[in-house]
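Visitor: Here the protein sequences line up with chains R and E, keeping their order. In terms of UniProt numbering, the first sequence has 12 at position 12, counting the first letter as 1, and numbering is strictly consecutive. In terms of UniProt numbering, the second sequence has 177 at position 177, counting the first letter as 1, and numbering is strictly consecutive.
Check each hint, because a few of them may be wrong.
Claimed, not checked - Restraint ranges, calculated between C-beta atoms of paired labels, are given here:
(1) E:K136 x R:G55: 53 to 59 Å
(2) R:K30 x E:I123: 55 to 61 Å
(3) R:E116 x E:K154: 52 to 58 Å
(4) R:Y117 x E:K289: 25 to 31 Å
(5) R:P120 x E:R229: 14 to 20 Å
(6) R:T49 x E:R134: 50 to 56 Å
(7) E:D118 x R:E116: 52 to 58 Å
(8) R:I63 x E:G213: 29 to 35 Å
(9) R:S47 x E:R252: 36 to 42 Å
Note that these hints are calculated values from the structure, not bench results. Beta carbons: idealized from backbone N, C-alpha and C, even for Gly.
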Amino acid sequence: MVLKNLAQVCSHLQNISKAHIATTSIPMTKLNLSIALGLQDQGFISSVTRGNYAGPDTEYTPITQENVATRRLWLGMKYYDNEPVLSKMRLVSKPTKRVWVGVNGLKMLTSGKEHEYVKPLQPGECMFLLSDKGLLEAREAIERQIGGQLLLRVR
Amino acid sequence: MHKRPPPPPVTHSADSAPYTPADIAALRKHYSPAQITSFLAGETSIARSDFDRRVRRSEADPMLLRYLDDLSTIDPTLDFPTRHAPPEYVAGHPLQPLPVMEDPFSGGDEAAVPWIRDVSRRIGFSEGEVAKFRTKILVTHRVVNQTHMGKIQKIYSLAVAGNGNGLVGIGEGKAVEHDDSQRMATYMAVRNLEPIPRYENRTIYGDVEVKLGAVELGLYSRPPGFGVRCSQYVFEIARCAGIHDLSARATRSRNPMNVIKATMHALRNQKLPETIARGRGKKFVDVRKVYYNGMV
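Build the full structure now, drawing on both the sequences and the hints.
Guide: Now the structure itself:
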């Protein structure tokens, strides 16, 4: 898993939000797909659609050897009250320093306490981590009593 | 008995003479018969002697009135009120009292300061309430403008005002005199009062990080009983606003004027749970109140 690509996705979505653009595309990878679905679950983006460089697919297009290079994920951005819903998106684990956290650490972060140099969660902030059970939001991970590698935080 | 001499014969000027038939024939070339009938009727409505008495408006005197008025009576719309009018209305008296609206906020406070009176009318608070607002001059320094006449020095002041219960505002004033500048700043601060959101009326919603110019300011929400542990300017603004638990950090520039402006910007740009909930389409619950019953 390349965190550099994930950092680019975070920057891109922040830039799109600042410019108030409706839809945008990110590279089609397993990690990006799981993060996009996680963001949609949490209500930060409205839609996740497969597509190519031109735009989202209108009908189902299977991924083949011919079109795999052109595959993109199209996300629908959300805006409320003249402000973007997804305004800040940052990596927690960086390529130079990976961060792993257990359940107790997650509980501290969600209760507003700093843990292992990770700032606590703000009101309305979400933290996504990669665990044995796949990509989870911090509160979902606490429910399941598992920890993992903190990937990104979204506000 | 001495007889009064006869009145002098009335002589009319040449330009007030009525139109001759030859004149009317010449006019018929340029005007329609209906037009000619209307202005001949207009001519007959003015007496020739009155027309002779007309006075051309002098180009040389710009202060002459553009209308006929002997200024013997006071018009309630056009004229300013007069202090020496009789208390009751007297028909035909040149000095007439004008209707005076009762000041709804006057509680008999005769020693009202002019700026308090002006600002209370503007913002809708009574003079007593305005006098009770907490105000403080935070920044004062000299500013110089180099003109063709030389260096003109003025004093600049920045004041903060608040009611200690959610309203806060800042104002700037610039004047040659120290007192004028401070009074101007306080007036503007009270005039610029605005409500700011507070969590539980004691702290802000979450942490706010703003960058205004070269100032990078972070305002951090703190638990009850923490106190306002901030630098002097943020402390004063929090005091005026009614924020009791706050922490602040100015990392880059600490220029007082800009830190104050950044603080106001931060207080205005809090992310409210209501907005987050509606934007994300999720239910937003304050765990402190719901689960811990306000104990934590």
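Visitor: So which hints don't hold here, by number, going up?
Guide: Number 8 - this is the single hint that the structure violates.
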